[in-house]
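Q: Given the structure of chain U, go ahead and fit chain G onto it with the hints provided.
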Amino acid sequence: MHSYYSFVTGPLAWIAFIVFICGSIWRFNSLWQLTKKKDSAVFEYMDRKFALRSIAHWLIPFGSRSMQLNPAMTVATFLFHICLFITPIFVFGHVMLWKENFNISWFALPNMAADVMTFIVIGSCIFFLWRRIKLPHVKYLTTPLDFIILMIVAAPFMTGFWAYHQFPGFVSMTIIHIVSGEIMLMAIPFTKLFHMFLFPFTRGYIGSEFGGVRMAKDW
Amino acid sequence: MSESKTVNDNKKTESKKIEDQGIQKGIEQLTPERIESVIRQVINDETGARLKVYVDTCLHCGLCSKGCHFFLSLKDPKFSPAAKVKQTLWEIMRKKGKVSPEFIKEAALIAYTQCNMCKRCAMYCPFGLDVAYVMSVMRRICYKLGVVPLYIQDTAHSHSVAMNQMWVKDDEWIDTLMWQEEEAQDAMENLRIPLDKEGADIFYSVIGPEPKFRAQLIFQAAVIMNAAKENWTMPSMPGWDNSDMCMFTGDYEMMERLKRLHFESALNLRAKRIVMGECGHAFRSVYDVGNRALGWRMPPIEVVHSIEYFNELFEQKKIKIRKKFERPVTLHDPCNIVRGRGLHEMARNIVNATCANFIEMTPNREHNYCCSAGGGVINCGPPFKNARVESGKEKAKQLFAAKAKGAEVVIAPCHNCHGGLEDIIHHYGVEMELKFFGDIIYEILELPE
Numbered sequence: 003m004h005s006y007y008s009f010v011t012g013p014l015a016w017i018a019f020i021v022f023i024c025g026s027i028w029r030f031n032s033l034w035q036l037t038k039k040k041d042s043a044v045f046e047y048m049d050r051k052f053a054l055r056s057i058a059h060w061l062i063p064f065g066s067r068s069m070q071l072n073p074a075m076t077v078a079t080f081l082f083h084i085c086l087f088i089t090p091i092f093v094f095g096h097v098m099l100w101k102e103n104f105n106i107s108w109f110a111l112p113n114m115a116a117d118v119m120t121f122i123v124i125g126s127c128i129f130f131l132w133r134r135i136k137l138p139h140v141k142y143l144t145t146p147l148d149f150i151i152l153m154i155v156a157a158p159f160m161t162g163f164w165a166y167h168q169f170p171g172f173v174s175m176t177i178i179h180i181v182s183g184e185i186m187l188m189a190i191p192f193t194k195l196f197h198m199f200l201f202p203f204t205r206g207y208i209g210s211e212f213g214g215v216r217m218a219k220d221w
Numbered sequence: 010m011s012e013s014k015t016v017n018d019n020k021k022t023e024s025k026k027i028e029d030q031g032i033q034k035g036i037e038q039l040t041p042e043r044i045e046s047v048i049r050q051v052i053n054d055e056t057g058a059r060l061k062v063y064v065d066t067c068l069h070c071g072l073c074s075k076g077c078h079f080f081l082s083l084k085d086p087k088f089s090p091a092a093k094v095k096q097t098l099w100e101i102m103r104k105k106g107k108v109s110p111e112f113i114k115e116a117a118l119i120a121y122t123q124c125n126m127c128k129r130c131a132m133y134c135p136f137g138l139d140v141a142y143v144m145s146v147m148r149r150i151c152y153k154l155g156v157v158p159l160y161i162q163d164t165a166h167s168h169s170v171a172m173n174q175m176w177v178k179d180d181e182w183i184d185t186l187m188w189q190e191e192e193a194q195d196a197m198e199n200l201r202i203p204l205d206k207e208g209a210d211i212f213y214s215v216i217g218p219e220p221k222f223r224a225q226l227i228f229q230a231a232v233i234m235n236a237a238k239e240n241w242t243m244p245s246m247p248g249w250d251n252s253d254m255c256m257f258t259g260d261y262e263m264m265e266r267l268k269r270l271h272f273e274s275a276l277n278l279r280a281k282r283i284v285m286g287e288c289g290h291a292f293r294s295v296y297d298v299g300n301r302a303l304g305w306r307m308p309p310i311e312v313v314h315s316i317e318y319f320n321e322l323f324e325q326k327k328i329k330i331r332k333k334f335e336r337p338v339t340l341h342d343p344c345n346i347v348r349g350r351g352l353h354e355m356a357r358n359i360v361n362a363t364c365a366n367f368i369e370m371t372p373n374r375e376h377n378y379c380c381s382a383g384g385g386v387i388n389c390g391p392p393f394k395n396a397r398v399e400s401g402k403e404k405a406k407q408l409f410a411a412k413a414k415g416a417e418v419v420i421a422p423c424h425n426c427h428g429g430l431e432d433i434i435h436h437y438g439v440e441m442e443l444k445f446f447g448d449i450i451y452e453i454l455e456l457p458e
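From first to last, the protein sequence lines stand for chains U and G.
Residues in the first sequence are numbered consecutively from 3, following this note's numbering.
Residues in the second sequence are numbered consecutively from 10, following this note's numbering.
Just chain U, with the same shape it has in the complex (with noise of 0.2 Å):
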């Protein structure tokens, strides 16, 4: 169990962080290469003012009609990525992790806290699942990969839930909840989940054509 333990916290953990971080890298570059290459117009319409008010709207809750129409959804989508983000960062595990490993240290979560946020993402994506299954929308567009990229996100914060709590079996969750964790990471790149480094652009570019050429809102 030991050199298991080593290995998912040694060699997998940089391989981890390494493929995401250059996975990132590479398909970021990858995609401003084809767009200087053939869609260089791009540039040409991009506004800093029109694309950073339209990604303020669509970052404010309930900032967009859309958001305004799907209530439920809006309050899932973002209480889910605030958790998502701040709970491995801020929990207190992880941030003992980062002290004694590299001797840095910053505010950790009280447990109660990462508790619940913890909660809020699992219940969020069981939100997200039921949508895929039971609105027929959302059905018809779901394939098995948005399943399997549902469990890479829930897996890390179900299976840490059950190992901080010293549940059964918690020294194997560990284990699963350090691959699962590194298996997420690696996935960013290579799946919809790059969607969040995406984000900024898209929704700057067709802010700066409704700003700037269609002079009109965009949400």
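These are calculated hints, taken from the structure and not from any lab test.
One should not assume that every hint holds.
Said to hold, decoys possible - Mimicking DSBU-like on lysine-lysine, the simulated pairs with C-alpha atoms at most 35 Å apart in a straight line are:
no., chain 1, residue 1, chain 2, residue 2
1, U, K38, G, K394
2, G, K105, U, K39
3, G, K327, G, K414
4, G, K394, G, K104
As the structure is a computational prediction, the values presented were derived from the model and not from experiment.
A: Relative to the frame of chain U, chain G by itself:
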């Protein structure tokens, strides 16, 4: 009650049964090899990161559904914007172009007749993915494969032969202008429609259907221009038609020829700017798509839609009205000039300057529902009329709601919207009257002595 019952009546869409000769004959000539090579050519040579990002980034969340009047009207998941991508380019890119002629047939029906390219969904997608663009790529592929609905292809043929949409011959065009000039002289003595005048402030252009079916609009425009004492002109030669069905079939080479001729007609006459009649898609072709295809970031000469022009007339007090239009009106915001050019507030200024009673329809402005006719859909002709009108059910509900608040007249400053709304109004028994801004202004205009 019976009216709203008609609207809520849930009929199955019949689009699957529709046979179109253009599409049918087109796919009979296809082989898998040809399909693959055309798709590769379009995707590799004509598209790039935008298409890739739009197709790859879509998270299949379905939020775009509420942006699409097809989905809202038909309640069928196949009609959500993302579903249309799924049934077209998503599949094509996944299979790297190895799709069957049958697939192309379905894809053509979706791209040409089940999307008005109104870009409303881009405002409902959190990522701002532009499904209208993806549909235009699908149309481009279909066009290059020779799979285009018969009726719209006929208008595209007309464009390439006569340089106008309606097979109007050169002499018929001049004849129509002279006829309308003569008619208008009854309303206003000494009225002129000046042809090919050099250095005019305004180069006035219209769409092919105006001389063909709605010549009174030219008459009305002439009266308004003369009343405002404008230094204006219309071209006597091809280049007068600003419309563009080639933009919608995917025939971009022809679209470029049309736009070039139109711009050059105005520039050769050293006109200061182009003012266009009340048409949406023509504005899109001149202000947004055609100029870009020709390599101009923005049009090479200022292009002004009628709404902007009329608004200017009232702001600068160039025309006077006798009295306000009394009957209660509501306003339909056309996609191409509202989501396409933000003219909604100017349109409201005109309504307030001309009408005594204005009732907003909801949703409005950028969020208004499409007429279901735009994007070339109405131009695909009779085979698709029933399906088109059914996809306007949500629009009919919106009109009924405005009518319930008292509106009797719908102002729709776009030709396609007129066609589409007319069919919706008839089919659902909405019983409202349709008007252009030009109709209203002409009716209440105070003619100078």
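Q: Indicate, hint by hint, whether the structure satisfies it.
A: Status of the hints after comparison with the structure:
no.	hint	verdict
1	U/K38 - G/K394	violated (42 Å)
2	G/K105 - U/K39	holds (21 Å)
3	G/K327 - G/K414	holds (33 Å)
4	G/K394 - G/K104	holds (33 Å)
The earlier numbered hint that this structure contradicts is number 1, and it is the only one.
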